[in-house]
Amino acid sequence: MSEHILHLTVNGEAQHVLVEGRKTLADMLRDDLRLTGTHLGCEHGVCGACTVLVDGAAVRSCLMFAVQAHGSQVTTIEGIADADGGLSAVQSAFRECHGLQCGFCTPGFIVSIESFLDAHPDPSDEDIREGISGNLCRCTGYQGIIKAVRLAAETRAATPQDMSAPDDAVSDARVGA
Amino acid sequence: MKPAPFDYLAPTSLADAVEALGSYGADAKVLAGGQSLVPVMAMRMSRFDHLIDLNRIPELDFVRHEAADVVIGAMTRESRVGSDPTIAENVPLLTDATQYIGHFQIRNRGTLGGSLAHADPAAEYPAVAMALDATMHLVGPDGSRSVSPEEFFLGPMTCCAEDEELLHSVSFPVWGPGSGFSVQEFARRAGDFATAGVAVGIRVADGVVDKAAIAFFGMASAPVRARELEIELVGQKAMDLDFQEVGNQAVAHLQPPDDIHASSSLRRQIGAQLASRALSTAVKEAT
Amino acid sequence: MTAVAGRYVGQSVKRREDARLVTGHGRFVEDVAWPGTLHVAFLRSPIARGRIVNLDVSAALAVPGVHSVLTAADLNEHAREWWQNMIGKDAPMPPKRLLAEHDVRFVGEAIAMVLATSRYVAEDGVELIDVDFEAETPVLVERAGFEGVAADDANLVHPEWGSNVAQALPGPMGPGMPLDNPALEAVLASAAHVVTETFTQHRYLCVPMESQGINVRWDRHRERLEIVSATQSPHEVRSCAARLIGINDSQVHVVADDVGGGFGQKMFPATEELAVIMAAYRLGAALRWIEDRNENLIAGGHARNEDLTMTVATDESGKILGVRAHHREDIGAFPAYAVGSSASSVGMYLPGPYGFGEYFFSSEAVFTNTCGRVAYRGPWMMESVAREQMMDVTALAIGMDPLEFRRRNVVTPDQLPFTTSTGLVYETVTPQATLEQAAEMVGYDAFRAEQAEARTHGRLLGIGLSSYIEPSVGFGIMGAEQVDLRIDYDGSVVATTGSGSHGQSVETTLSQVIAETLGVDIDKVVFTQGDTAVAPFGSGTGGSRTAAVYGGAAREASVLLRNKVLAIAAEVLEASSDDLDMDLGVVAVRGNPGATISLADVAAVAYAGYTILPESIEPGLDVSFRIRAPMFMFSNATHAAVVEVDPVTGAVKVLRYLVSEDCGNMINPMVVEGQIAGGVVQGIGGVFYENFVYDADGNPLTTTFLDYLLPTAAEVPTIEYGHIVTPSPTPGGFKPIGEGGAINSPAALINAVRDALTPFGARVVSQPLGPQQIVDLIKGPASSAESI
Ligand SMILES: Cc1cc2nc3c(=O)[nH]c(=O)nc-3n(C[C@H](O)[C@H](O)[C@H](O)COP(=O)(O)OP(=O)(O)OC[C@H]3O[C@@H](n4cnc5c(N)ncnc54)[C@H](O)[C@@H]3O)c2cc1C
Ligand code: FES
Ligand code: FES
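Chains as they are written, first to last, in the working numbering: chain A, 1 to 177; chain B, 1 to 287; chain C, 1 to 788.
Just to be clear, a hint being listed does not mean it is correct.
Short derived list, chain A residues pointing at chain B, Cβ under 10 Å [to be verified]:
1) Asn-11
2) Leu-33
3) Val-46
4) Thr-51
5) Val-67
6) Arg-129
7) Asn-135
In short, the hints are calculated from the structure, not lab data. Quantities reported herein were computed from a predicted structural model and do not represent experimental measurements. Each residue gets a CB set at the ideal place from its N, CA and C atoms; glycine is no exception.
Build out the structure end to end from the sequences listed, making use of the hints.
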């Protein structure tokens, strides 16, 4: 059973954590960094509640080991609003369109949709449904979420985003016991 | 639902990975995108002492056009496979297949090699490899070897890689002008593994079919070609094909699995329709 | 009463819950981390029925980080009382146990509990527990059929109960229920048409995205039990914990902050949660159990899973003269409450929006070696599922269009107040209006032409309607909810209730009612729920009662408080309180814009300057109001679905879905539509995708989200709404709405599929309607697979 010291950047802050090899990225974020906005709805890759950005790409944090994120830039739901708490276009749209009820699935949806809209700035309805089909919601029947994606796309189009790409270089820092 | 303990290892070169595999053998497992392996570990249905993470080996992440093939490294992410222009231009069947794999978050991690090595009978890439007569390149402590898809896919969730071996890369032959391709599948929900699916390639010269490949997924314990039909198709006028009839013929010899989602006969019925749709789409594209 | 649209009530006010939830700052049960907490994992039975012949936990205890391993011998004998506030202690109670003892009764039953420093280590421990069983023949409907299970006296799920029959109606369980209805027999013998059909619905589940979970610690020095739980009802958890271990309610403090959905599953504490409570108390430790998805699916409580046979007699014109119904339920081994049966509600609500004439209902529920039944959004909804299908089946049998048949039987305004065949009295329902609005919105008549045209091209389109009356009960603890309301010294408003919102937007909607009625800025209202230390006793959130019962209480409390504010202001302003108005927290004398006083100033008088007040006005600004709700409150709706069936793949696409509803005054139309949409999609899931399957040995086959299929955004249509607003006579004019989407959608969808398959004469009477079932129906009875 190996333990590892990992260095990574989470929501712009450098973090150093000692983890067991088997600990998932989701559990590390939640337990060690106390970033509990990343939720676990299935722990087997289907529900999407645990979605975070790793080096800019939306991934299931229940299907990555924390140690794999060594040297990476991770963004969680807590890092989506800007530093002074201003909601992103997607977050505001969720509120505007009743895109959430219990809110448990919401972080995963929002992180996924941020990434989806980066790739599809002007999505069709079909694109939206397909784009969010990797996230499950049991409360809303998806009606408000679909509307929110549409609204967020419009808002983003009207207000140019800062598109600075995250550092994509996975550091060559050695990972090991 | 938490994985059992293991030692984690992240070699940064192929040589180190092969060495580690050589020393741990059956006590080790390689980790690619983790999109199939980690769920199984979380459910504690897979146990081993050493996890060898391939994600820090740049040598395994590449797309190269070499002579008559496009060669793709095992650790190339599905998202890259789906968007790479070299692949789109030369092996469009792979591009087409990628959209059906799970969801974009899955494709951001999942790899070509992982999908092939995992050998899920309902997965898309294995059928594409089968349809295109790809060549799988394996490496191990005793050197490397190359095998055909028929040799590679042994059954559900089993490929021919030995415990000490890993899949290094895959060569996909480029079919060239006059070809058309199509992947068609039926799944219960968006992003699900296929209930039934088919990958088809057709090449037409002077209005006559001169090459045909039809590979089903979700229809047997491994991807399966409709070889007899392919032979029959070669030499026929593309315009004259009765796609519905051809679709029925394509599934005639199959004995698809039965499960809670669909019976064997329903799978055959769906497979026939998918095959006819894929063939007509591919022919249209080829002509 | 007439419809209202005020500053807040009637407006789609944006939710107060959202700011924290969209930024990842909700506080769910798994987000709580007490220092020194031990994590719990359960060893669960891998077999459906058998004797435990060996249970050795020593290897697990040896794992570093494992603190202890508890079995039935450690916990079961300490359980004192085990019943729920909502059900009462007199309800018949099948055997219950914290952990399996001597034998196991379903796959997933908890046998032992490992306490460790992390969930990872706890699971390591579970793997090392050595347990052996002597398997016995499982009692399963899947194996022996319903009658086989009921008649089997050799193999009993609960030997202590003496029979596999849990409950039978009419019979000793249903006091006052007639044993037969001779008048009905006469009607059936002489009616122009008599049609009989049996409808089956399969096992499908609540599946909130957040599973169940609990944190518990016992402070032996203060003798206080502290619980943070994912529950719909904090006071229910409090009472259940207190009586389980034999302490006072007041020694237990339960908090439920944000709860990630429940749908009935979190109405009562799960057996596992009670085991954790007992363990924490016995050990004096802080414990936490977070149910994982696998546990949630196999052991978190199952729902639906019943059939209903209806015989309907009509006259020549299609008027219903009488109905006989027999209902059968498989309630599993350990239902969540009492015997877990919904039968008495099914029987009572079956007439729905129609006159049934003579009526007789009977029912039987059996125990089986499967996961027990739990409440799921409209636990009695089989009445709508069966009745609305029966409306279509009967219409077809007598050669009438289903819409026309409904028109001939639906309760009309001139019949109100209308007494149903089961004695329920409808006063303000509008089922005829919603039926017509739905038919109009969906373009029912035009659809028939479109359908005929499509058929000539081999396309199978179908339309389905379903109408229902949504009841909300106001008896027992569910009918007397309280709202505590005060104005603080600074003029801000503090409201507290015993509700337990888990997605229903209660913080927002009750704040709307209070701000509106009181006349204050909604941002001045601080709303607290889910904390038994501050909230008045309540039954939590469930049963579609929040708007009508809590909303009514909030309104009445606000009226009381407003009257007091005005009385004090009247003293200060030297005016008559009748001449005062309060808006946005400022009291003003009507017609004298200069004479005003702010709420903060009123509060200062109430708390400090009360000497200027006459003796008749008590100091302070706090009130409580506990409402006495009517026994039943009703809303109504009609759903319409248009589907297309692919005859080759068996896939069904929902092309249109619309809902015409009347829930009285809508506090927040956005929230109303959200509640409906969520329920409708649960119906789409239930009918087409979700299916919990056991094999003939009682092994669950759908234990992950890879096999238990929840619908995604790609499988659902855009839902359209029509609103008819007929206020109820209760305070505020609000009616129930929370469960209806899930109750009424299945029948609309199934009816649409039946309609699409008319050319094949398919007998569509059971679910799920997955691809396999659809193609079997198209091929005809010869090839159709037997349904469970
Ligand atoms: C919700 C969800 C939906 C999905 N839907 C689909 C779908 O529709 N179609 C589909 O095809 N897939 C689907 N997948 C699976 C996905 O494509 C996986 O990524 C893929 O099957 C495995 O690839 P991986 O890189 O993640 O491999 P891993 O999960 O890391 O590994 C899988 C197996 O292959 C072995 N392995 C990996 N790489 C190598 C190598 N180079 N040499 C030897 N052995 C190796 C591993 O040891 C392991 O046994 C889905 C997954 C999820 C979670
Ligand atoms: S928790 Fe990761 S996908 Fe469900
Ligand atoms: S809002 Fe509750 S699961 Fe999506």
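Which hint numbers does the structure go against, in order from smallest to largest? 1, 2
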